[in-house]
Amino acid sequence: MPDVAQPTIAEVRSAAEAVKAAIDRHLAAVEARTGENDPGVATAYASLAEAADAYDEVLYDAYDEVTPFEVPHDSDLAQYADPDDPEAISVLIRRDYLITDPLRLRAAALRIDGTTAADPGPVSASVSGALGALFGEYEPDEIASRAEEFGLEEGDSTLWVTAADPAEPGDWLSEPFDDADPDLLICRFDVSEVYDDELEPLDPER
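Here the sequence shown is numbered in my numbering, starting from 1 and rising by one per residue.
Just so you know, the hints here were simulated from the structure itself, not pulled from any lab data. What you are looking at is a predicted structure, and each value in this text was computed from that prediction instead of being measured. By construction, the Cβ of each residue, glycine as well, lies at the ideal position given by its N, Cα and C atoms. A portion of the hints provided could be inaccurate.
[Unchecked claim] Here are the simulated EDC-like pairs of lysine to aspartate or glutamate, each with C-alpha atoms no more than 20 angstroms apart in a straight line: (1) Lys20 with Asp56; (2) Lys20 with Asp53; (3) Lys20 with Asp85; (4) Lys20 with Glu57; (5) Lys20 with Glu70; (6) Lys20 with Glu36; (7) Lys20 with Glu50.
[Unchecked claim] What follows is a list of derived Cβ distance ranges for each label pair: (8) Cys187 with Glu36: 19 to 27 angstroms; (9) Phe69 with Glu36: 54 to 62 angstroms; (10) Arg13 with Pro39: 26 to 34 angstroms; (11) Ser14 with Val66: 14 to 22 angstroms; (12) Arg13 with Ala167: 40 to 48 angstroms; (13) Ala88 with Asp61: 26 to 34 angstroms; (14) Ser145 with Arg33: 20 to 28 angstroms.
Go ahead and model the full structure; you've got the sequences and the hints to work with.
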């Protein structure tokens, strides 16, 4: 198979000049725009992106070099969630508890486990095992409402509703909280003694 012809120096320089001209046209369109969605600006932007891509390609082919610019394409933009018009959301919750009564906690686990204090099963034999049994049996909201009964004392908590990209089942289970991006925050609610133990919305901009 014959080698692909490399761009000539003249072709690289021509592509560079095309980028310069496209920058001038884009700036002129921006300076003359009549509104936020001015079609002239959109057209000049598309032309500049096309010229920059073409220059980057011939520069790499001729000299094995790249530009420091990355032009977003529609296919690239589609993968990012938009907080103003989300296609999907994630609800992220953190609740802190003090373990104030380990005996009461283990007693609750014994009831779940169907065992006794004299002969506890492996699940309820330790505090960590008891916690596993508790959270495996009850929904987090029920545990929060019955915290004292389970030997727990509620601390601070927060709930975030964030924009998200639709995910396939199991996609994020290995690292479930890596995508907690404040920039995607739609609304947030915090409970803390700082707020007199009341559920209050927190302005995402603060």
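| Status of the given 40 to 48 angstroms range, CB of Ala167 versus CB of Arg13 | holds (46 angstroms)
| Should the hint that Arg13 and Pro39 are 26 to 34 angstroms apart at their CB atoms be regarded as holding? | holds (31 angstroms)
| Within a Cα-Cα threshold of 20 angstroms, do Lys20 and Glu50 meet the stated pairing? | Roughly 12 angstroms separates the two Cα atoms, so the pair holds.
| task | Using the Cβ atoms, figure out if Ser145 sits within 20 to 28 angstroms of Arg33. | result | violated (55 angstroms)
| field | Cβ separation of Ala88 and Asp61, checked against the hinted range 26 to 34 angstroms | value | violated (40 angstroms)
| field | Verdict for Ser14, Val66 (Cβ pair) under range 14 to 22 angstroms | value | holds (18 angstroms)
| message | Please verify whether Lys20 and Asp85 have alpha carbons no more than 20 angstroms apart. | response | This hinted pair is violated, its Cα atoms lying about 35 angstroms apart.
| said: Holds or violated: Lys20 and Asp56, Cα atoms, limit 20 angstroms. | reply: Holds. Lys20 to Asp56 sits at ~13 angstroms (cutoff 20 angstroms).
| query | Is it true that the CA of Lys20 sits at most 20 angstroms from the CA of Asp53? | reply | holds (13 angstroms)
| message | Does Glu36 sit within 20 angstroms of Lys20, going by the straight-line distance between their CA atoms? | response | violated (24 angstroms)
| Given the hinted pair Lys20 and Glu57, is their alpha-carbon gap at most 20 angstroms? | holds (16 angstroms)
| message | Range first: 54 to 62 angstroms. Now tell me if the beta carbons of Phe69 and Glu36 are that far apart. | response | violated (24 angstroms)
Hint violations for this structure: numbers 3, 6, 9, 13, 14, all remaining hints satisfied.
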